[in-house]
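First to last, the sequence lines map onto chains A and B.
When you number the first sequence by my numbering, it's gap-free, plus one each residue, and the end is 160.
When you number the second sequence by my numbering, it's gap-free, plus one each residue, and the end is 727.
Worth flagging that the hints you see were computed from the coordinates, not collected in a lab.
There's no promise every hint is true.
[Unchecked claim] Here are the simulated DSSO-like pairs of lysine-lysine, each with C-alpha atoms no more than 30 Å apart in a straight line:
1) Lys338(B) / Lys267(B)
2) Lys385(B) / Lys558(B)
3) Lys528(B) / Lys338(B)
4) Lys88(A) / Lys712(B)
5) Lys385(B) / Lys518(B)
6) Lys338(B) / Lys187(B)
7) Lys712(B) / Lys12(A)
8) Lys187(B) / Lys267(B)
9) Lys88(A) / Lys175(B)
[Said to hold, decoys possible] Pulled a few chain B residues facing chain A out of the computed Cβ check, cut under 10 Å:
10) Gln61
11) Arg265
12) Leu720
13) Ile722
[What the hints assert, rightly or not] Just so you have them, the derived chain B footprint on chain A, three or more residues with Cβ under 8 Å:
14) 102-113
15) 140-151
Model, not experiment: these values are computed from the prediction.
Note that beta-carbon positions come from the ideal geometry of N, C-alpha and C, so glycine has one too.
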Amino acid sequence: MGDGCQTGPIIKEIAALLERQKLAVLATEGEMGPYTNIVSYTFSDDLRHIFFATTRATRKYSNISSHNMVSMLVDNRTNRVDDLFQAKAVTVIGRSEELGEEEKDLALSLMTARHPYLEDFLSSPTTATIKIHVHRYILVSHFQNVREVIFHDENDNSPC
Amino acid sequence: MMKMIIPLAEITAGDRPLAGGKAWALSRLLQEGINVPEGICITSEVYRLFIHQTGLEDIVQLELNRKSFEEMRWEEIWDVSLRIRNHFLRMKMPPEIASLLEKNILYYFGTSPTVVRSSAPSEDSAATSFAGLHESVVNVRGRRDIIAAVRRVWASLWSDGAILYRRELGLDVHKSTMAVVIQEIIKGERSGVAFTEAPDNSHNSILEAVWGLNQGFVDGTVEPDRWFFLRETGKTISHTPPSQRDRIVIPSTDGTMIMTLDDERSKTPPLSDQEAEKLLKLGMRVEDIFLAPQDMEWTIRGNRTYLLQSRPVTTIGKAGEDRRSWYLSLTRSLDNLKGLRERIETTLLPAMDEDALKFKKMDLIPLTDNELSREITDRLSVLEKWEKVYWDDFIPFAHGARLFGQFYNDRMTPKDPYEFVDLLVGTEMTSIARNTVLEDLAEEIRRDGPLREKLGKGLDIPAPFLAKVQGFVTAYETIPGSSEPDLISGRIIQLILEMADSPPSSHEEKGKKTSNMKDRYLASFQGKERLLAQDLLELGRASWKLRDNDNIYLARIKVEVERASSEGKRRIQKMNRKDPDLYREAGDVARALDDPDYMPPSPDPGQDTVPEITSAVEIRVRQVKGQPASPGIATGTARVIRHDGDLFEFKKGEILVCDAIEPNMTFVVPLASAIVERRGGMLIHGAIIAREYGLPCVTGIPGAVDIISTGKRLTVDGHLGIVIIGN
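Extracted from the complex, chain A is given alone in its bound form (with noise of 0.2 Å):
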């Protein structure tokens, strides 16, 4: 039977890629259109948030300040046909927000324990904590199968 109506199998296995992958594909918009880099992430153990870090001198800073809809892509791809099948990706949709004194804390030490290499990184005042409030998930698994994982939030009513 299908897997489409039962929350588990579909979470758990977002939440597999996730961990699995390191670095994701951001997409922002700018006043050049859309724009994608590559960034180290972490995530809350609900899949609710996802947190990266930035220099406030980068493109995606700009984009993300003036608009905060951003799409992240993480994939396990291999570069080879099998990827066609065996390959998952996950589209995240959903809203950005740089993180307060307060709650920056937390989000970098989730950050820190998952990358300790980018400590210094991390911890450098010009870098700014970006907090995603996840709108959905979008995975595609097989090439062609896409399911979907939608979160309704009274809090965070942007469309989506």
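We have chain A; now place chain B onto it with these hints.
Just chain B now, with coordinates in the frame of chain A:
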């Protein structure tokens, strides 16, 4: 450099991984001075180069992984296999491989007839036997035809049976390769097999023999004479003649053919007891060479005995062996199917019809409660009997369409591997005839404004029109709910009104195209081959048609069970008992009629419960991949059929979504814009009817009725086999 082509006599033990078990065994026998037909081995290196240089390697991977294996029915695996086979047949041969093959075929065989066999490395061992799952092509000559045969043998590495069996044994598909043996053909006058140790009794040896070639015997068309020996002494224990020794397989111009055996030979066993013992001795000699009991194929021409192949006996009970026979049963010979067709058409269907008619004629009202109870039980057992026939005979007969499909693709190598289906459709199918009657009624409404208005407003239905509708219900009594004629007439009228709202659907233009295709197909064969081509087409059509009709016949019996059961329920209610709907099964009704205190077990709640939606998380399936079953693309609103009653809600342009289309459901198909079904495969009813009406169809969508709900917007892509849910 890896060896590409090796003469059989020169294969060494070190070549075995490239040449396969069969080729290696033949070379050992030659080296021991045993009479084996001359030949060459095209090593698996050539196969590897071919799939690598052409990109087939990746195509095979993609096809095999289209869906997860656990979610595929074997019909879908047949489709996968069909597509892979077509790629192998059509793929352009890289020039250096073509020239290598041509040069060697010319050098070793000239224009002599040959047999082309599989020799898959590492797959024939004591524990596994792929005998029969891979292909052999008998009696081919000339460079072009032999190369075509080599392609077929390569492709048979991916036959449905071989895929399933390999999967079951846990063999890695990535490592599967195929070597091919080409040998000069020996036109044997007597042939057979020998087991130096019987698979089911280690004290015995067995020998089987037929007149002519052993092809017919291998696929079960010709029944052999059989000898049993005491293994220790090699002396005959018994000789069992076949029930009928009446047929023989001989070489034809291009392949083999079955003939009736002449009188003299049909009275004589192919071997004397002495000859049989002598052959067994040869087998024992081979056993000594390989140090294991052997399963060998032999043939005798004049006074020379040839060993065609030898492999270790696979003992019953070892991994997968018992299942292999089932996988083998997926392939049936033309002859076998022709016999089955006759049995179905002349015996089974008429008997089924007779049963249905007998039930239909019976007046149930005068029966006492006990008599009615017995009648229900009788009807149930008759239904059970026919359901068994359905699985044992009707389903296997579906292979007729597959056999034709493979034959068509082998010769025509069409771009679309399902092109052959267009030659099968357009035959008189009961559900199409039924739908034509509905369409005629709809046309009457289209032309008659006042009638339409009356029907639309639910006013009195003019008697002549009502009579026609009632006539339809009587004629096609398998429409769901037809055991209640008044209710059903009203529902049918609603449906016809819905049909009348849009222009007539037509599927008649196909006729001309089909007739051109048929001419083109037949023109590509000559002489006796054309007769075979015609035979196969006819068999394919009969098989296709039966896929529709058998269900309808079965449904007529079901309706009669239902009619008796309804009468029983009516009486239970009248006796002022509990809710008659508690008695869901006819068997429960029968028991309750006999025993007033009987209460059926409560229904299993597992089926219809809706999964609990927790918190504020929503899971949606956005896009699902199934099997492309009928080309085209359509977007529309889903109508999910969970119960028969849902059918009557059907609106023009909706997309029919169901678990499995039964033929008695297809009267709504003319209203549908596409079909989505959980069951997968090209030869299932939903796919057949969709192609018939030219509707896009995707089959093999896991949990279709659970992940899609009525009213959802769907896009059905019948080219790619994808369903997209939502805007």
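Going through the hints against the structure:
no.	hint	verdict
1	Lys338(B) / Lys267(B)	holds, 25 Å
2	Lys385(B) / Lys558(B)	holds, 12 Å
3	Lys528(B) / Lys338(B)	holds, 17 Å
4	Lys88(A) / Lys712(B)	holds, 26 Å
5	Lys385(B) / Lys518(B)	violated, 38 Å
6	Lys338(B) / Lys187(B)	holds, 26 Å
7	Lys712(B) / Lys12(A)	holds, 27 Å
8	Lys187(B) / Lys267(B)	holds, 22 Å
9	Lys88(A) / Lys175(B)	holds, 24 Å
10	Gln61	holds, 6 Å
11	Arg265	violated, 55 Å
12	Leu720	holds, 8 Å
13	Ile722	holds, 6 Å
14	102-113	violated (count 0)
15	140-151	holds (count 10)
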